[in-house]
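Asker: Residue numbers (the numbering used here), protein chains in the order written: chain X, 1 to 142; chain B, 143 to 252.
Hint data in this document are derived by calculation from the structure and do not stem from the laboratory. No experiment lies behind these values; they were computed from the predicted model shown. Only true hints are included.
Derived pair list, reagent style DSSO-like, types lysine-lysine, alpha-carbon separation capped at 30 Å:
{"#": "1", "chain 1": "X", "residue 1": "Lys119", "chain 2": "X", "residue 2": "Lys132"}
{"#": "2", "chain 1": "X", "residue 1": "Lys119", "chain 2": "B", "residue 2": "Lys209"}
{"#": "3", "chain 1": "X", "residue 1": "Lys139", "chain 2": "B", "residue 2": "Lys237"}
{"#": "4", "chain 1": "X", "residue 1": "Lys119", "chain 2": "B", "residue 2": "Lys210"}
{"#": "5", "chain 1": "X", "residue 1": "Lys12", "chain 2": "B", "residue 2": "Lys209"}
{"#": "6", "chain 1": "X", "residue 1": "Lys84", "chain 2": "X", "residue 2": "Lys119"}
{"#": "7", "chain 1": "X", "residue 1": "Lys119", "chain 2": "B", "residue 2": "Lys237"}
{"#": "8", "chain 1": "X", "residue 1": "Lys93", "chain 2": "B", "residue 2": "Lys172"}
{"#": "9", "chain 1": "B", "residue 1": "Lys209", "chain 2": "B", "residue 2": "Lys250"}
{"#": "10", "chain 1": "B", "residue 1": "Lys172", "chain 2": "B", "residue 2": "Lys210"}
{"#": "11", "chain 1": "X", "residue 1": "Lys84", "chain 2": "X", "residue 2": "Lys139"}
{"#": "12", "chain 1": "B", "residue 1": "Lys237", "chain 2": "X", "residue 2": "Lys93"}
{"#": "13", "chain 1": "X", "residue 1": "Lys12", "chain 2": "B", "residue 2": "Lys172"}
{"#": "14", "chain 1": "X", "residue 1": "Lys84", "chain 2": "B", "residue 2": "Lys172"}
{"#": "15", "chain 1": "X", "residue 1": "Lys93", "chain 2": "X", "residue 2": "Lys12"}
{"#": "16", "chain 1": "X", "residue 1": "Lys93", "chain 2": "X", "residue 2": "Lys132"}
{"#": "17", "chain 1": "X", "residue 1": "Lys12", "chain 2": "X", "residue 2": "Lys84"}
{"#": "18", "chain 1": "B", "residue 1": "Lys209", "chain 2": "X", "residue 2": "Lys93"}
{"#": "19", "chain 1": "B", "residue 1": "Lys237", "chain 2": "B", "residue 2": "Lys210"}
{"#": "20", "chain 1": "B", "residue 1": "Lys209", "chain 2": "B", "residue 2": "Lys172"}
{"#": "21", "chain 1": "X", "residue 1": "Lys12", "chain 2": "B", "residue 2": "Lys210"}
{"#": "22", "chain 1": "B", "residue 1": "Lys172", "chain 2": "X", "residue 2": "Lys119"}
Per label pair, the in silico range of CB-to-CB distance:
{"#": "23", "chain 1": "B", "residue 1": "Ser144", "chain 2": "X", "residue 2": "Val35", "range": "22 to 28 Å"}
{"#": "24", "chain 1": "X", "residue 1": "Lys93", "chain 2": "B", "residue 2": "Gly151", "range": "43 to 49 Å"}
{"#": "25", "chain 1": "B", "residue 1": "Glu169", "chain 2": "X", "residue 2": "Asp10", "range": "16 to 22 Å"}
{"#": "26", "chain 1": "X", "residue 1": "Gln127", "chain 2": "B", "residue 2": "Glu150", "range": "47 to 53 Å"}
{"#": "27", "chain 1": "X", "residue 1": "Val35", "chain 2": "B", "residue 2": "Glu169", "range": "26 to 32 Å"}
{"#": "28", "chain 1": "X", "residue 1": "Gln127", "chain 2": "B", "residue 2": "Ala212", "range": "39 to 45 Å"}
{"#": "29", "chain 1": "X", "residue 1": "Asp71", "chain 2": "B", "residue 2": "Gln192", "range": "35 to 41 Å"}
{"#": "30", "chain 1": "X", "residue 1": "Gly61", "chain 2": "B", "residue 2": "Phe176", "range": "26 to 32 Å"}
{"#": "31", "chain 1": "X", "residue 1": "Ser90", "chain 2": "B", "residue 2": "Asp146", "range": "33 to 39 Å"}
{"#": "32", "chain 1": "X", "residue 1": "Arg140", "chain 2": "B", "residue 2": "Asp243", "range": "32 to 38 Å"}
{"#": "33", "chain 1": "X", "residue 1": "Tyr82", "chain 2": "B", "residue 2": "Asp243", "range": "42 to 48 Å"}
Covered stretches of chain X, as calculated for chain B (at least 3 residues, CB under 8 Å):
{"#": "34", "segment": "15-28"}
{"#": "35", "segment": "36-42"}
{"#": "36", "segment": "45-55"}
By construction, the Cβ of each residue, glycine as well, lies at the ideal position given by its N, Cα and C atoms.
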Amino acid sequence: MLATLSLEIDSKLSNTTLMAMAVRGVCAMTTLSPVETNRLELCLVEIVNNAIEHAYENQAGNSVHVQLELDDAVIRLIVSDYGKSIPQDSLQKDAESELNPEQSDTWLCSGRGLHIVNKLMDAVSYQRIGEKNSFIMEKRLR
Amino acid sequence: MSFDQRQEGEFTVIEIVEARLDASIAESFKTFAFNLIDNDQHHLVVNLSQVRFMDSSGLGALVAAFKKLAGNGSFSLAAAQPAVRDLFDLTSMDKLFTVHDSVAEAVKGN
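Let the sequences and hints guide you as you build the complete structure.
Answerer: This is the structure:
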């Protein structure tokens with residue numbers, strides 16, 4: 001049976017914790033391990049941050065919506081905004097450039113969020129329908 | 143105040159008094175650490191014992207402080223909780239940062 005939870009926050013980074021705590025609560029009802037729950041929280045926060053910082057350029061007063069769908073086999077998170085879309089080249093699932101402790105130009109201070117999400121989730125997709133951008137990610141349940 | 147500092151011999155220990163080092167406070171952390179470095183505090187230990195969650199922005203702020211030192215001093219982390227250690231591992235940051243089990247171990251020196 002599919003259960004759906006709908007959450008909405010104003011586009012302020014300080015509101016991201018609310019989303020994270022709500023999703024952790026749902027994860028506690030599933031077979032996800034503590035490590036998997038932490039990782040799902042991380043992926044959610046990365047994508048919500050991305051909506052606030054890039055789609056809305058850190059302007060408060062806009063809506064970020066998260067729909068959580070849960071069934072016996074999968075937990076699906078759909079993060080939606082009505083701002084600027086993620087550029088196609090940022091969505092490419094290229095391997096992350098390797099960190100070399102000897103070369104400081106490989107010590108990146110930003111741009112890791114999508115790589116982390118691509119690495120940790122079982123399926124990731126992105127769509128724009130009308131003015132609405134949606135980042136969809138799935139984690140299989142054991 | 144999200145951050146505090148104390149001196150342990152030559153080491154300046156930055157206490158993160160927050161459960162989350164995330165995008166909402168990453169810039170404040172960077173400013174705090176940069177101010178210490180600009181004030182000639184070049185041996186930094188970041189106490190992560192209270193940090194249950196870190197995102198890539200929090201991680202980026204740690205990297206920025208490490209880069210700012212530019213090899214002129216030392217930068218290490220202490221008492222990282224499991225989710226934070228997992229993030230370091232996922233992003234290969236464990237290659238860049240020295241992560242001590244405790245602040246006491248970090249300030250013993252290298």
